[in-house]
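**Student:** Each chain, written out:
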Amino acid sequence: MSEEIIQDVIIGESEDYIINLGPQHPSTHGVLRLEVCLKGETVKYLNPHVGYIHRGIEKMCEAITYQQIIHLTDRMDYLSAHMNNEAVCMVVEDALQVEVPERVKYIRTILDELNRLASHQLWWCAFGMDLGALTTFFYGLRDREHILDIFEESFGSRLLHSFNTPGGLMHDVHPNFQKRIKDFIKYFREKLPEYDQLLTGNIIFQNRAKGIGYMSKETAIGYGVTGPSGRGSNFSCDIRKIAPYGVYDKVQFNEILETGCDTFARYKVRMAEMWESLSILEQLVDNIPEGDFTAKMKPVVKLPAGEYFRRVETARGELAVYVVSDGNKNPYRMRFRTPNFSNLFVMNEIASGYKIADLIAISGSLDLVIPDIDR
Amino acid sequence: MSSNIYDFSKLTGSVHAWLSGLMSSGWVTFTELVLVGLVFLLLYALLGLFLVYLERKVCAIIQNRIGPNRVGKWGIIQTIADLVKLLLKELIPIRKSDPLLFNLAPFIVIICSFLAMAALPYAKGLQAIDFNIGVFYVMAVSSLSVVGILIAGWSSNSKYSLIGAMRSGAQIVSYELSVGLSLLAIVVFTGSMQLSTIVESQANGWWIFKGHIPAFISFVIFLIASTAEINRGPFDLAEAESELTAGFHTEYSGIKFAFFFLAEYMNMFIVSALGATVFLGGWMPFHIGNWEGFNHIMDFIPSAVWFFTKTFFIILIIMWFKWTFPRLRIDQLLTLEWKYLLPISLFNIVLIAFIVLMGWHF
Amino acid sequence: MLSRQELTDIIRIFEPDAEFPEGTQLLEVIVPAEKIFALAEKLKSDQKTAFNYLINETAVDFLTHMTVVYHLESTEFRHLIVLKSILSDRENPAIDSFTALYPTAEYFEREIFDLFGIRFNNHPNLKRLFLEDDYGYPLRKDFRDEINIIER
Numbered sequence: 001m002s003e004e005i006i007q008d009v010i011i012g013e014s015e016d017y018i019i020n021l022g023p024q025h026p027s028t029h030g031v032l033r034l035e036v037c038l039k040g041e042t043v044k045y046l047n048p049h050v051g052y053i054h055r056g057i058e059k060m061c062e063a064i065t066y067q068q069i070i071h072l073t074d075r076m077d078y079l080s081a082h083m084n085n086e087a088v089c090m091v092v093e094d095a096l097q098v099e100v101p102e103r104v105k106y107i108r109t110i111l112d113e114l115n116r117l118a119s120h121q122l123w124w125c126a127f128g129m130d131l132g133a134l135t136t137f138f139y140g141l142r143d144r145e146h147i148l149d150i151f152e153e154s155f156g157s158r159l160l161h162s163f164n165t166p167g168g169l170m171h172d173v174h175p176n177f178q179k180r181i182k183d184f185i186k187y188f189r190e191k192l193p194e195y196d197q198l199l200t201g202n203i204i205f206q207n208r209a210k211g212i213g214y215m216s217k218e219t220a221i222g223y224g225v226t227g228p229s230g231r232g233s234n235f236s237c238d239i240r241k242i243a244p245y246g247v248y249d250k251v252q253f254n255e256i257l258e259t260g261c262d263t264f265a266r267y268k269v270r271m272a273e274m275w276e277s278l279s280i281l282e283q284l285v286d287n288i289p290e291g292d293f294t295a296k297m298k299p300v301v302k303l304p305a306g307e308y309f310r311r312v313e314t315a316r317g318e319l320a321v322y323v324v325s326d327g328n329k330n331p332y333r334m335r336f337r338t339p340n341f342s343n344l345f346v347m348n349e350i351a352s353g354y355k356i357a358d359l360i361a362i363s364g365s366l367d368l369v370i371p372d373i374d375r
Numbered sequence: 001m002s003s004n005i006y007d008f009s010k011l012t013g014s015v016h017a018w019l020s021g022l023m024s025s026g027w028v029t030f031t032e033l034v035l036v037g038l039v040f041l042l043l044y045a046l047l048g049l050f051l052v053y054l055e056r057k058v059c060a061i062i063q064n065r066i067g068p069n070r071v072g073k074w075g076i077i078q079t080i081a082d083l084v085k086l087l088l089k090e091l092i093p094i095r096k097s098d099p100l101l102f103n104l105a106p107f108i109v110i111i112c113s114f115l116a117m118a119a120l121p122y123a124k125g126l127q128a129i130d131f132n133i134g135v136f137y138v139m140a141v142s143s144l145s146v147v148g149i150l151i152a153g154w155s156s157n158s159k160y161s162l163i164g165a166m167r168s169g170a171q172i173v174s175y176e177l178s179v180g181l182s183l184l185a186i187v188v189f190t191g192s193m194q195l196s197t198i199v200e201s202q203a204n205g206w207w208i209f210k211g212h213i214p215a216f217i218s219f220v221i222f223l224i225a226s227t228a229e230i231n232r233g234p235f236d237l238a239e240a241e242s243e244l245t246a247g248f249h250t251e252y253s254g255i256k257f258a259f260f261f262l263a264e265y266m267n268m269f270i271v272s273a274l275g276a277t278v279f280l281g282g283w284m285p286f287h288i289g290n291w292e293g294f295n296h297i298m299d300f301i302p303s304a305v306w307f308f309t310k311t312f313f314i315i316l317i318i319m320w321f322k323w324t325f326p327r328l329r330i331d332q333l334l335t336l337e338w339k340y341l342l343p344i345s346l347f348n349i350v351l352i353a354f355i356v357l358m359g360w361h362f
Numbered sequence: 001m002l003s004r005q006e007l008t009d010i011i012r013i014f015e016p017d018a019e020f021p022e023g024t025q026l027l028e029v030i031v032p033a034e035k036i037f038a039l040a041e042k043l044k045s046d047q048k049t050a051f052n053y054l055i056n057e058t059a060v061d062f063l064t065h066m067t068v069v070y071h072l073e074s075t076e077f078r079h080l081i082v083l084k085s086i087l088s089d090r091e092n093p094a095i096d097s098f099t100a101l102y103p104t105a106e107y108f109e110r111e112i113f114d115l116f117g118i119r120f121n122n123h124p125n126l127k128r129l130f131l132e133d134d135y136g137y138p139l140r141k142d143f144r145d146e147i148n149i150i151e152r
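Protein chains in written order, with our numbering: chain A, 1 to 375; chain B, 1 to 362; chain C, 1 to 152.
Hints are computed from structural coordinates only; laboratory data are not their basis.
Treat the hints with care, as some may be off.
Claimed, not checked - Listed next, the stretches of chain B that the computed footprint assigns to chain A, with coverage defined by at least 3 CB atoms under 8 Å from CB atoms of chain A:
1. 54 to 68
2. 157 to 164
3. 236 to 243
4. 330 to 343
Said to hold, decoys possible - Here are some of the chain B residues that sit facing chain A, going by a computed Cβ distance under 8 Å:
5. Trp27
6. Trp323
7. Thr324
8. Arg327
All values reported here derive from a predicted model rather than from experimental measurement.
For every residue, glycine included, the Cβ atom is placed at its ideal position computed from N, Cα and C.
Isolated chain A (complex conformation) (with noise of 0.2 Å):
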């Protein structure tokens, strides 16, 4: 190591106004320290800090085979754990060249974009949260359970799902699944305008958010900033469109974009997205195929020498994974582009400007997941 990589930020030197939000904080959402300089109440710059939760699992992945990756992945995007499991089993998929049954594309769709509700519903709360309104945490809770009560029936686990396999599923759904989902819908058909009545019309919620975080298409396209947060700013960027997977290409939605750019777009973004996952399934759940949960798969994955790559829209953004593969029944070297690792470096872009509350919403609005940058 040379004396010139080691620059430490010494506070307190600079007559800058320096404080640490984080790595416990109750609005970072996990252990994440923002270093942010203020002049005021005004955002100077800001410095993000990772790593406090860095489990290596990349490192850990060269040693476990397939399967087990799947296990590791719940815990990137804890959100999003359905999609992270589905990039790596297409991933194998692609490579093996297998093709899963329709009925596993309908139900790992369905899965999706369950798991996309329950993502956006959790990030509602939180963004409310975030602004001070406190209540809206305990309606998109409510509703949430919904969710994961399906989840749970479904498979037992409501959070860490685990329940991709390479090549199918890892077991049957519950017989209950088609009715207890379509009982969701018809719920959440009813809840979801709640939403707009309690924040989205609220005038001093609109004054926050609105005008605050300006990010340029440029400057998300620059960033990498993916999923609503990009298409916030009208950078269409949903994979879902762009290579389907699963059987998006066999059903009606909009890639939703707004031009606003700012804190208030990305919120239109993510209530619209909640409409439209509502949509796709409805169009699904009542044309799961009957058949196998899982192709024929061998008992021990090995890859063919070479190099896979596969992207994966989470709830957060464009997931990427990148395996490098010596035909051997673990991976050489396995690389996951994860969202929020681009979403959050953007922040001193979009943030620095503002007040430390609008830094607040602005990275409420980005809704960060910790651990996935981290990884």
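Given chain A, put chains B and C in place with the hints provided.
**Tutor:** Chains B and C alone, transformed into the frame defined by chain A:
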């Protein structure tokens, strides 16, 4: 006046006469001071506990929850249990803080709220001190607590605390103006700052009804500005949880934190009581014109019940604000005051002066 | 959207030294380390290719050499290529930083520096991202940590 049946001055007068028969006048005054002090201490503690319980239940109802329901019937002893917990907790000393100021601040805050309670008319004839500048006194004393908050923020040697304290300073200094001007509207109507006179003047109707639209505007401004003055949501920037963890009392623990907590709830009670007294007739019963029978039934409800009902009505409105609205930003907060509330209240005062001059009010 | 062959032809013109391995999932381009920045600059600014979105940047350690891998996409045409550069000097690997072209590369490169020890020239703030300064480079294949990693 037919509502003499619940006049507390009879009770207080008989206590005074009984004490005078026992000891010299100097001792009587002293004993009475101690008695009043004890009564207020008890009232303060009970009200504080009840308000915390009420807040938790109200927010639970708004948020689709049950609220405290484990300790005691309907969780009614929950706040007492919390208080015991706070009493037993360690008082964490902060390195490089200013120990004198750090320890002094919670007491300043709680004493200020205590002082303000003295001048409130709780029922007919039940008022510790009836100042002739009662409105002014309550306002002045309750806004003194900002000194405590500033000291707390400054002395705890924490950056979050300092930001919270500075926000609180800016906020209270600004909103004090609007509170004052909205109360001044009724002072103009009444022609007196004495709280007892203001209450008496509403025997034939509360000012919010008698004072036409300007009095109603004053009431709304009073509600907004006083919510801001007591640092409650949506104006809780001084302790904005999601931004500054806990603002000015981040570094406090145990009973010192409980003092801040209690003082916040008592300040809410004080502004609500003041609003109820000035706008909603204090302990005056609700009367409608010349419906003699109806008015007579209303008179049978004790005056203390009227006072506390009105006060808790305003408290519930303030709680409703907190649990529904998102928090404002500091610049929006100051914009609301200096660009909207202050000009409106100034114009309102002129309007009221004109109405009073022409004698158009009842 | 340009086909694989069209892209290959365009890149050949931009960079005659580029190699195109056969039989890969995506179009891969192997470029010497000192020429990769110039190629990326052309790929980004050219109207026909317009690779303006850096999806992913990472590195792989092959014990004899290291490879830096870039996944680039055009948000306009939606074609995707993989740029690669082989660094044969494992002791002191260095490559040009992409930060000037893609701001997101700043943090990808800090991560690679942290986990592989690859230096990036012209990087504005090359510090370790996750780990302590004296930790070593864990994603290198010859990394040993007696305390935390159990060999099987």
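**Student:** Okay, the region 54 to 68 of chain B and chain A, do three or more residues pass the C-beta test at under 8 Å?
**Tutor:** This one holds; 5 residues, not fewer than the three required, reach chain A with a Cβ under 8 Å.
**Student:** Using a Cβ cutoff of 8 Å, are there at least 3 residues of the region 236 to 243 of chain B near chain A, or does the coverage claim fail?
**Tutor:** With 6 residues in contact (Cβ-Cβ under 8 Å with chain A), the coverage given for the region 236 to 243 of chain B holds.
**Student:** Go through the hint on Trp27/B and say holds or violated, using the shortest Cβ distance to chain A against 8 Å.
**Tutor:** violated, 52 Å
**Student:** Per the CB criterion, is Arg327/B less than 8 Å away from chain A?
**Tutor:** holds, 3 Å
**Student:** How about the region 157 to 164 of chain B: do at least three of its residues have a C-beta closer than 8 Å to a C-beta of chain A?
**Tutor:** With 3 residues closer than 8 Å to chain A, the region 157 to 164 of chain B meets the three-residue bar; holds.
**Student:** Report holds or violated for chain A covering the region 330 to 343 of chain B, Cβ cut-off 8 Å, minimum 3 residues.
**Tutor:** holds (count 3)
**Student:** Holds or violated: is the Cβ of Trp323/B closer than 8 Å to a Cβ in chain A?
**Tutor:** Holds - the Cβ of Trp323/B comes within 8 Å of chain A, reaching about 5 Å at its closest.
**Student:** Hint Thr324/B vs chain A: min CB-CB distance below 8 Å?
**Tutor:** holds, 6 Å
In summary, the structure is inconsistent with hint 5 from the numbered list given earlier, while agreeing with all the others.
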